[in-house]
Structure formats: structure tokens, C-alpha cells
Amino acid sequence: MLCAARLGALLAVLALWVGDQARAAAREDKFSALTSVARALAPERRLLALLRSYLLGEEARLRDLTRFYDKVAYDMGDYYHAIPWLEEAVSLFRGSYGEWKTEDEASLEDALDHLAFACFQAGNVSCALSLSREFLLYSPENKRMVRNVLKYERLLAENPHQAVAETVIQRPNVPHLQTRDTYEGLCQTLGSQPIHYQIPGLYCSYETNSSPYLLLQPVRKEVIHLEPYVALYHDFVSDPEAQKIRKLAEPWLQRSVVASGEKQLQVEYRISKSAWLKDTADPVLVTLDHRIAALTGLDVQHPYAEYLQVVNYGIGGHYEPHFDHATSPSSPLYRMKSGNRVATFMIYLSSVEAGGATAFIYANFSVPVVKNAALFWWNLHRSGEGDGDTLHAGCPVLVGDKWGMLLHLLHAFIQGCWSLLDSRVLSSFVLICRLCKDTMTASAEQVLFKDLVSEYMNGPFSVGV
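Mind the numbering: the sequence shown is residues -24 to -1, 1 to 441 in mature numbering (1 follows the signal peptide of the UniProt record, and there is no 0), read in order.
Bear in mind the hints are in silico, worked out from the structure with no lab data behind them. These numbers come from a predicted model, not from an experiment. We put the beta carbon where it would ideally sit given N, CA and C, even for glycine. Please note that the accuracy of each hint is not assured.
[As the list claims (entries may be wrong)] Lysine-lysine pairs mimicking DSSO-like chemistry, simulated, CA-CA at most 27 Å apart:
id	residue 1	residue 2
1	Lys254	Lys347
2	Lys347	Lys249
3	Lys197	Lys347
4	Lys239	Lys249
5	Lys249	Lys220
[To be verified] Each pair of labels, with its calculated beta carbon distance range:
id	residue 1	residue 2	range
6	His357	Glu134	56 to 62 Å
7	Glu244	Tyr283	22 to 28 Å
8	Gln242	Leu131	35 to 41 Å
9	Trp252	Tyr56	33 to 39 Å
10	Leu229	Leu131	47 to 53 Å
11	Leu202	Glu110	54 to 60 Å
12	Gly273	Tyr179	15 to 21 Å
13	His298	Arg123	44 to 50 Å
14	Tyr179	Pro279	33 to 39 Å
15	Tyr179	Pro305	34 to 40 Å
16	His298	Pro188	35 to 41 Å
17	Ser306	Tyr283	21 to 27 Å
18	Tyr56	Leu192	54 to 60 Å
Given the sequences, and given the hints that come with them, work out the whole structure.
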């Protein structure tokens, strides 16, 4: 280490200097000089002691974390992830810096035991045999391990090629996570959104949405992506507002669930707690509703929007890739006849030290947690069909406590969808219906109107639903 090197070099120089000046200096002078230098180097010596103490503490914490992680992966049968961590655990428990610690003996046996079984389950019998034999060096009386060694030896005798074959451990094929590599890659970076020269249409602005409510206090808007359209509104809420919302939600937090057909299930791919709040719970929620409606032009009142959902992710909390909008007719959204989720408005109520980003998988970008900011995106195309590019995930929180508030909007615009069609289209439709009212059936009218709407919606449109 640099500090140790400096300390050694200074003491060596001092010793040489003292030797050269021995005849010219009295014994007390040499002692005084040594004492002065020692006092000067005392801070570095204390720093070295603190650093060593810190490293020993970090080593112990790393061992605890490694044991925890490999045990979890092992118990889940995820040997693809368990084996590398178990191998690291075995390496750590063999002693650090070449020193053997007798208190680690039980931990080493435990790690060897788990790693041997994981290798066997993965098809690597030769590795399992080698680790089991090492286990018996520390615990030769273990009858179960003796039986395992005999079993592995018999298997290798029956299939000699396994002794030299290299087993490739396959990653688990998780049906709902075919994009796991992209998901993990995005979550391992601190935000990876495109920059202006890659997508020239990206911009920042002060947004009022032509609303008098925001005229004197526009919102700082940052367009993150165009397809899908994703915007970040900075400082959308204040610190007191964020704290108030968290305080309102805390007593009602429960394990988050997901819709699975007609059921609501607790699943491993969504680890968080959530609570639902009505805007009648507190005036701050009413104010927030008005602000969201003014900014987006969307109706935020029930039944045109869901109730406010406050979500808390602790360390390790995450939500693997999913869509906010319904993708199946069996979804509760269809049964409630309230309409699909047109858009999502998500407010970050806290900051985190590491992790917790929102990753858009197919669009291949992520947005880090920005305290008090709001993230907005459209879930549906203009046609009403779901936008597949909105597949997104809440990355695992590594350090910190992530709080967010979600509002899913079910109805397109405050003025209603009818006003989206200009008077020319509506007039044409009414005229045709009047001329053909005697011959047209109700279904024919619906088809005609659908065609007119489709033609209009596929044309120039100022609002990117």
C-alpha cells in the first residue's frame, strides 16, 4: 500500500541519516529526532490501522453476503448463478491473504457440501467428487459424504467420459424473462438513455401544456425517448409533498401482487410493498391530481384513472420486465370495463444510492431514480393497441430505499375522445347516416364510423397517444 511504502521509506531514510550523524549528535538528540518523525507519521500509522480494520470488516461482510446469496440461489435450484458464488465462498473460506482461520472451518465444509451437490445437479460428477473428497479432509467421519464419494466414483466408473468432459451449465429458461440479458445489462448501468446526436428530436423545455394552472410555474420537461414516448418532469413534487405521501401510505403497505388471469398473486419477480390512496385522504393528493391533469391533459379522476398507488422497494426490491397495459382479455382491466391503461405517470418520492432504475427493455434504455421527478409514457398506440416497446422493469435496489407513486390513466383526454375528431369528420359521418338511415344496420354504422376514426387517427395528430 502507498501509506505503508511511505512509512517504510521514511523510517529507512531516517535510520541512515541517524547513523551518519551519530558522531555529531548526542543520544538525546537522536531520540528527539526519532520521536518527532514518529509523531509526524502517527496519522499515517493510525490510517493504516483503520484501513486494516475496515478491510477485515468488509471481508466479513462479503463472506456473509456470499453465503446468503449462494444459499438462496442453491435453494431455488438456480445452479447457473449458485455455482460461481459457491466457488467464491469456498475460496474465501479457505483463508484470506494466505492465512487460515480455524473459525472458518465449519463455513468451508458447508460451502464445499453445497458446491459439490450443485455440481452434481449440473451434471459435473468429476467436480462433485473432487469437492466431496476435500470435504472429507476436514470431516472424515461424515457418513453422508462418504456415501456421496462412493456414489460419484461408481458413476464415473460406469461413464468414464464424464471424468474429462467439460459440463456447460445452461442458464435457466425462464419463459417470462426471455430478455433477461438485456434487463440485467440495463440495470448494471447508471442510466443509459440515448443522447441528442443519436435522436435529434430529444429536447428539454419548460412545459405548461397551455394550462393556466402551470402558466406561472411551468414544469421542467426532459424528453428521454421518442418511440416509445417517455418524458421526465423534474421537481414535479416538493420534499414536503413527497414526505407527506409516504407518511400517508406507510400504515397501509402490503406485499405487492400481480394480475394472473382472474387472480391476484404474490410472485418472486415483483418484490415490493404497495398501498392504494384516494385523493380524499389528504388535500396534498387533490393538489397533485390537479397538477397531473394540467400537465398531461388527461382525466385523473376515478373511473377514468386508477387510484394512486404508492410503492416501496427495499434493498433487493425489484419488478422484472412487464407491461402496464393489459395484454390478455382475461385481465382484470377488461373485466372491470374501465378501459386499458392508456398511460403511466410515475413519481419518484425518494432517492437511492445505487440501483432502482426504470429500464425499458426493447427500447434499450434506462432512467435512473431522480428524486421528486415524474416519469411519463404512453402504453398504447393511437389505434388503442398495446405498445410492445413499453416493456419495462424496476431494477433491483442495491443501496437505499426506493419510494414511488404510480397513476395509471384509463381515459385519454379530459375533453373526451369525441373532441379529437374534427367537425369535418363528424359532419361527414352524420350526413352519411342520415342519407342511409333506412338501409344501414347498426353494425354497418359502427363499421363506417370505425373506418372514419381509423383514417383520422392515422393522419396528422398533434398528441402522440
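Verification of the hints:
{"no.": "1", "hint": "Lys254 x Lys347", "in the structure": "23 Å, holds"}
{"no.": "2", "hint": "Lys347 x Lys249", "in the structure": "19 Å, holds"}
{"no.": "3", "hint": "Lys197 x Lys347", "in the structure": "15 Å, holds"}
{"no.": "4", "hint": "Lys239 x Lys249", "in the structure": "18 Å, holds"}
{"no.": "5", "hint": "Lys249 x Lys220", "in the structure": "17 Å, holds"}
{"no.": "6", "hint": "His357 x Glu134: 56 to 62 Å", "in the structure": "59 Å, holds"}
{"no.": "7", "hint": "Glu244 x Tyr283: 22 to 28 Å", "in the structure": "26 Å, holds"}
{"no.": "8", "hint": "Gln242 x Leu131: 35 to 41 Å", "in the structure": "40 Å, holds"}
{"no.": "9", "hint": "Trp252 x Tyr56: 33 to 39 Å", "in the structure": "37 Å, holds"}
{"no.": "10", "hint": "Leu229 x Leu131: 47 to 53 Å", "in the structure": "50 Å, holds"}
{"no.": "11", "hint": "Leu202 x Glu110: 54 to 60 Å", "in the structure": "57 Å, holds"}
{"no.": "12", "hint": "Gly273 x Tyr179: 15 to 21 Å", "in the structure": "19 Å, holds"}
{"no.": "13", "hint": "His298 x Arg123: 44 to 50 Å", "in the structure": "45 Å, holds"}
{"no.": "14", "hint": "Tyr179 x Pro279: 33 to 39 Å", "in the structure": "34 Å, holds"}
{"no.": "15", "hint": "Tyr179 x Pro305: 34 to 40 Å", "in the structure": "39 Å, holds"}
{"no.": "16", "hint": "His298 x Pro188: 35 to 41 Å", "in the structure": "37 Å, holds"}
{"no.": "17", "hint": "Ser306 x Tyr283: 21 to 27 Å", "in the structure": "22 Å, holds"}
{"no.": "18", "hint": "Tyr56 x Leu192: 54 to 60 Å", "in the structure": "56 Å, holds"}
Comparing the model with each numbered hint stated earlier shows that all of them hold.
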